[in-house]
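Chain P is already provided as a structure; the job is to place chains H, U and B on it using the hints.
Here is how the chains run, residue by residue.
Protein chains: 4
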Amino acid sequence: MFTGNDFLALVAEGLPQTRGTDLAVADWQPGEVTLRLPFNEASIRPGGTISGPTLFSLADIALYGVVLSRIGHVELAVTTNLNINFLRRPEPADLLARARLLKLGTRLAVGEVAIWRDAVDGGPDRAVAHATGTYSIPPGGREG
Amino acid sequence: MFTGNDFLALVAEGLPQTRGTDLAVADWQPGEVTLRLPFNEASIRPGGTISGPTLFSLADIALYGVVLSRIGHVELAVTTNLNINFLRRPEPADLLARARLLKLGTRLAVGEVAIWRDAVDGGPDRAVAHATGTYSIPPGGREG
Amino acid sequence: MFTGNDFLALVAEGLPQTRGTDLAVADWQPGEVTLRLPFNEASIRPGGTISGPTLFSLADIALYGVVLSRIGHVELAVTTNLNINFLRRPEPADLLARARLLKLGTRLAVGEVAIWRDAVDGGPDRAVAHATGTYSIPPGGREG
Amino acid sequence: MFTGNDFLALVAEGLPQTRGTDLAVADWQPGEVTLRLPFNEASIRPGGTISGPTLFSLADIALYGVVLSRIGHVELAVTTNLNINFLRRPEPADLLARARLLKLGTRLAVGEVAIWRDAVDGGPDRAVAHATGTYSIPPGGREG
Numbered sequence: 001m002f003t004g005n006d007f008l009a010l011v012a013e014g015l016p017q018t019r020g021t022d023l024a025v026a027d028w029q030p031g032e033v034t035l036r037l038p039f040n041e042a043s044i045r046p047g048g049t050i051s052g053p054t055l056f057s058l059a060d061i062a063l064y065g066v067v068l069s070r071i072g073h074v075e076l077a078v079t080t081n082l083n084i085n086f087l088r089r090p091e092p093a094d095l096l097a098r099a100r101l102l103k104l105g106t107r108l109a110v111g112e113v114a115i116w117r118d119a120v121d122g123g124p125d126r127a128v129a130h131a132t133g134t135y136s137i138p139p140g141g142r143e144g
Numbered sequence: 001m002f003t004g005n006d007f008l009a010l011v012a013e014g015l016p017q018t019r020g021t022d023l024a025v026a027d028w029q030p031g032e033v034t035l036r037l038p039f040n041e042a043s044i045r046p047g048g049t050i051s052g053p054t055l056f057s058l059a060d061i062a063l064y065g066v067v068l069s070r071i072g073h074v075e076l077a078v079t080t081n082l083n084i085n086f087l088r089r090p091e092p093a094d095l096l097a098r099a100r101l102l103k104l105g106t107r108l109a110v111g112e113v114a115i116w117r118d119a120v121d122g123g124p125d126r127a128v129a130h131a132t133g134t135y136s137i138p139p140g141g142r143e144g
Numbered sequence: 001m002f003t004g005n006d007f008l009a010l011v012a013e014g015l016p017q018t019r020g021t022d023l024a025v026a027d028w029q030p031g032e033v034t035l036r037l038p039f040n041e042a043s044i045r046p047g048g049t050i051s052g053p054t055l056f057s058l059a060d061i062a063l064y065g066v067v068l069s070r071i072g073h074v075e076l077a078v079t080t081n082l083n084i085n086f087l088r089r090p091e092p093a094d095l096l097a098r099a100r101l102l103k104l105g106t107r108l109a110v111g112e113v114a115i116w117r118d119a120v121d122g123g124p125d126r127a128v129a130h131a132t133g134t135y136s137i138p139p140g141g142r143e144g
Numbered sequence: 001m002f003t004g005n006d007f008l009a010l011v012a013e014g015l016p017q018t019r020g021t022d023l024a025v026a027d028w029q030p031g032e033v034t035l036r037l038p039f040n041e042a043s044i045r046p047g048g049t050i051s052g053p054t055l056f057s058l059a060d061i062a063l064y065g066v067v068l069s070r071i072g073h074v075e076l077a078v079t080t081n082l083n084i085n086f087l088r089r090p091e092p093a094d095l096l097a098r099a100r101l102l103k104l105g106t107r108l109a110v111g112e113v114a115i116w117r118d119a120v121d122g123g124p125d126r127a128v129a130h131a132t133g134t135y136s137i138p139p140g141g142r143e144g
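Protein chains in written order, with this note's numbering: chain P, 1 to 144; chain H, 1 to 144; chain U, 1 to 144; chain B, 1 to 144.
Hints listed in this document are in silico derivations from the structure and should not be mistaken for laboratory results. Hints are supplied without guarantee of correctness; some may be wrong.
Identical chains share a label here; the pair holds if one copy fits it or two copies do between them.
As the list claims (entries may be wrong) - Here are the computed lysine to any residue pairs in the SDA-like style, where the Cα-Cα straight-line distance is at most 20 angstroms:
{"id": "1", "residue 1": "Lys103", "residue 2": "Phe2"}
{"id": "2", "residue 1": "Lys103", "residue 2": "Gly20"}
{"id": "3", "residue 1": "Lys103", "residue 2": "Val120"}
{"id": "4", "residue 1": "Lys103", "residue 2": "Val78"}
{"id": "5", "residue 1": "Lys103", "residue 2": "Trp28"}
{"id": "6", "residue 1": "Lys103", "residue 2": "Asp6"}
{"id": "7", "residue 1": "Lys103", "residue 2": "Ala26"}
{"id": "8", "residue 1": "Lys103", "residue 2": "Arg70"}
{"id": "9", "residue 1": "Lys103", "residue 2": "Arg117"}
{"id": "10", "residue 1": "Lys103", "residue 2": "Gly31"}
{"id": "11", "residue 1": "Lys103", "residue 2": "Ser136"}
{"id": "12", "residue 1": "Lys103", "residue 2": "His73"}
{"id": "13", "residue 1": "Lys103", "residue 2": "Leu76"}
{"id": "14", "residue 1": "Lys103", "residue 2": "Ile71"}
{"id": "15", "residue 1": "Lys103", "residue 2": "Gln29"}
{"id": "16", "residue 1": "Lys103", "residue 2": "Gly122"}
Next comes chain P alone, as it looks inside the complex (with noise of 0.2 angstroms):
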C-alpha cells in the first residue's frame, strides 16, 4: 500500500520545485487525494498573485499523486498532457488542491483537480484553477 508518506518522501527527493515549499498531504484516499501548498513568499508575482507556474506545479503534483495512490510506486508513469484553467485572481494564501482519477487504464490514467484558497474560498466550488491531466504507464508498470 503507497501512504501519503510515501508520496512525500518521493516527492521531496524526485521533484525540485516541491524544495522548501512545506508541501503537505490533507487527505489521501485510493482515488482521491488533497495535498495543501501553504503560503510561501517565492510564488507571489509583485502585484501580489500566486504565479501560474506554482499553480502548474501543484496541479501536476496533486495528479501525480492521485495516480500513485491506485498504482502504487511507478517511476517511469509521466504527464503526458495537462489542460489548466484559471479562473480567478489568486490572492496570496494556503492553496488545497484536490485530484480524482476519472479513468485509470493499464497505459493511461486522466485524472481533474480543482486548486482553491483554504480560508478564502471554501471549497473547490469556488477554485482558482482546475486542470486535467494525462499520464502514460509504463508497460508492467501497474501493481494492482
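Using the frame of chain P, we list chains H, U and B on its own:
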C-alpha cells in the same frame, strides 16, 4: 428565468446537429444541468461504438446549457475552447451529460461536463468522456 | 503504403458523420495531410456559421489521417484527447484542414491541425479553428 | 513599439520564476517570438530530465511575449487557459521556445508554442513540448 424547456426550444431551432435526436433535459438547476441523449443508430460507428463527434456535440451543448442556466438567453455566447478526454469505449446506450460551472465572469464562463451511459455506467464516476470548455460572453450579455 | 485514397475509403466505411459530405484529400504526405470539406448546408447554424461539431469532426478526421499516413491502417487507434480553439466566426465556405504530426511514439501519437476557409482566409495563418489531439496506438499496431 | 528588451525587463521585474535563469530573446518579430532558456541545474529532476513546471513556465512566458509583441505592455493581460503536450523526454540542454499568434482579438488572444533543445533537436519539428494558450485582454488594453 431561463428554463430547461426554453433551452430545448433554443437548441431545436439553432443547433442542426440535434435534429431528430430526442435530446432531453434530465435535470436543470442554475449552475448544474444534466441532459439525456437517447440512443440513436445514426451516431454509431461500425464496430458499434458511439462516435467522437456525437460525444463532443453533447458535451458542447451541455456546457452551453449550464452557461445559459445562469445568464439566460445570450444569442452570441460562443465556445472559444473545448478540451475533451475520451475515457472508455462507449458502447451504444442512452447517454447522460452533467455540466457544472467552474466560473462565471462578466466576459468568460468555464464549465466541466461528464458523459456516462445511463443504464451501464451508473454515474459520472464511470464516465466515457469528460470535457472542460470556455465560453465568451459578449459585452452587456449577462442578464443577471 | 497507405494512400489518401485508402484513407477516404476507410473513412467512408467507418465514420458515419462524413456521409454525404464529399470530403476529399487535398494533399497527402507521410506526416502532413490536408483535407478539404466542401461547403454543405447541413453544417450551417442559423445565423449562418459553420457549427462547432462540424469543425471538431473535421479536426478529428484530419488528425486520424495524419497518424495513419505514417503508421498505415490500424483499426484500433483511437482519439484519447482533443483540445480545440475556435478562433474566428466561420462563415460558410469550403474548409481546408492541414494536420501535422508533433510526435509518433510506439504507444501515443500527437498532432496539430489548423482549419481555414479556402477562398476566404488564404492559409492556416488565418485559421477559424486550431486543435491538438492525442491518439492511442494499440500494442503491435504500428506497421512501420 | 514594444521590443524584446522591453519584454525581458518586464519579465525580470514581474515573473519570479525567471530569476537567475538567464532567459534571453533569440528572435522578436511582432506575432512570432523565440526565447532561449539556457541550461540550469535547478530545473533538472533526478534521473536527469528537465521538469514539467520548467517547460510549462517557459511556454507560458513565450506565449505572453508573443501577445505583447503585438499589443504592447498590457499589465493585466492574464493567461486563462494553457494546454501542454509533453512529447519527448527532455534531457538537459539549452531550450528554445518559438511562439506564434493564432488569433488576436479585442478580448482574447490565442497562441501556440513549440519548445525544443537547441543543440539536440535541431528545430520545432522535433519538439519536447507543444502548448496552446489563451490570454484575456482587459477592456481598453490594446494599444494597436
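Verification of the supplied hints:
1. Lys103 / Phe2: within (19 angstroms within a copy, 33 angstroms between copies)
2. Lys103 / Gly20: Neither, since 32 angstroms and 32 angstroms both go past 20 angstroms.
3. Lys103 / Val120: Result: close only across copies, 16 angstroms inter versus 31 angstroms intra.
4. Lys103 / Val78: Intra 15 angstroms, inter 15 angstroms, cutoff 20 angstroms: intra and inter.
5. Lys103 / Trp28: Within one copy, since 18 angstroms is at most 20 angstroms while 27 angstroms is not.
6. Lys103 / Asp6: neither (22 angstroms within a copy, 33 angstroms between copies)
7. Lys103 / Ala26: Neither. Shortest intra-copy (22 angstroms) and inter-copy (25 angstroms) distances fail the 20 angstroms Cα cut-off.
8. Lys103 / Arg70: within (11 angstroms within a copy, 28 angstroms between copies)
9. Lys103 / Arg117: This pair counts as between: shortest inter-copy Cα distance 15 angstroms, intra-copy 26 angstroms.
10. Lys103 / Gly31: This pair counts as within: shortest intra-copy Cα distance 10 angstroms, inter-copy 25 angstroms.
11. Lys103 / Ser136: both (12 angstroms within a copy, 14 angstroms between copies)
12. Lys103 / His73: within (18 angstroms within a copy, 27 angstroms between copies)
13. Lys103 / Leu76: both (18 angstroms within a copy, 19 angstroms between copies)
14. Lys103 / Ile71: Classified as within; 12 angstroms inside a copy, 27 angstroms across copies.
15. Lys103 / Gln29: within (15 angstroms within a copy, 27 angstroms between copies)
16. Lys103 / Gly122: For Lys103 and Gly122, the Cα distance is within 20 angstroms only across copies (15 angstroms; inside one copy 27 angstroms).
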